[in-house]
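Visitor: Here's the letter readout for the chains.
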Amino acid sequence: MYETNMYEGMLAETVAIPGFQGDLINAYFARPLGPGPFPGVVVIHHMPGWDEWYRETTRKFAHHGYAALSPNLYFRAGHGTPEDVAAKVRAAGGVSDEQVLGDLAGALHYLRALPFINGKVGVFGTCSGGRQAFLAACRVPGFDAAVDCWGGRVVMASDQLTPMQPVAPIDYTNDLACPLLGIFGEEDQNPTPDHVAQLEQELKRHSKSYEFHMYPKAGHGFFYYDRPAYRQEQAVDGWKKLFAFLEKYLRTPAS
Amino acid sequence: MCTMIVTQVNIEGSGKGANGWFTLREANVSYDHPFDAPFEHALNIDFVNEALGPGARVAVELSVEAARALVAAIGSVLERAETGGYLEQPMPTAQESRAAGD
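Chains A and B, in that order, give the protein sequences. Residue numbering for the first sequence follows this note's numbering, starting at 9 and increasing by one per position. Residue numbering for the second sequence follows this note's numbering, starting at 14 and increasing by one per position.
Quick caveat, the hints were computed from the structure, so don't treat them as lab data. Hints are not guaranteed to be accurate.
[Unchecked claim] Only some residues are given here: those of chain B computed to face chain A with a beta carbon under 7 Å: (1) V19; (2) Q21; (3) N23; (4) E25; (5) A40; (6) H46; (7) E53; (8) R70.
The beta-carbon is built from N, C-alpha and C at its ideal position, and this holds for glycine as well.
Given only the sequences and the hints, what does the whole structure look like? Please build it.
Guide: As structure tokens, then:
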């Protein structure tokens, strides 16, 4: 908890990290100043791209004492404004799950190699990034906690599967290797409360550690203060629960 | 990409982007999260020229009602133009001209 007589400082900058197949991609990295040790968090941007909200969110994690790294999952689409690049990726049907998992593994390994990490690294994402956070927690060994905020298409019908997204993430639930926090809105169209219930059922069936919060009068993306979907009360409570969860699972140094 | 509902069509024409006019080659039509329009999902059209990079893009994000009205308006205007004999035939490409022996 911050008190007014504390020193506070952070470093936030663009870095290059090895991603899928060793490709160098750029990433936004924010961390508190000082020797640490700090827990790490991989911050997965949403479908609208590697945008300002995600840079702010990366710094928000640093403000709360985390070394936060947000890889640009759309790096290979070229460069321009985040919207233009995201629109290009949207037209291509998104990025493949395999490539994303490779980039997230790269981000995880980058953080773990740093001397000021406490040995714990979590993964956080919203929207498509929420789906990818769940997927990474199932498929990439080494995460200690995962936060899925309103990730759609975790539950996928067979006709939604594509060569780039060949498996519904829910089908990997048995491989989930760390505690999961889920934050959802009752009015969301994707994931619907029924999708969330299906995921919860799978988590129970496989005896996984999870914590779900379903907010009334909230839809998709209710943390985004720059969108009409923003819901102040639910967002404040959601962030509070999110940091409590990360404190619980990431703050204790690895033994 | 939360819905992944997208299709691309090749087009001919010009678009005016942030840096002025450029040649359009493709239109990407999707129903997914908009960047700016105040809806959870919108009918998005990106008029682009992929060869020129991500910035060669003219974007619109429409409500479902607006998109349907636009489709109807385009159809109606083309029908009137055709009835009036105004529709221009597309210019033949250089390849088509050669094939025709011009």
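Visitor: Against the structure, test the hints numbered earlier, and report the numbers of the ones violated in rising order.
Guide: Going through the list in order, the structure violates hints 3, 4, 5 and respects the others.
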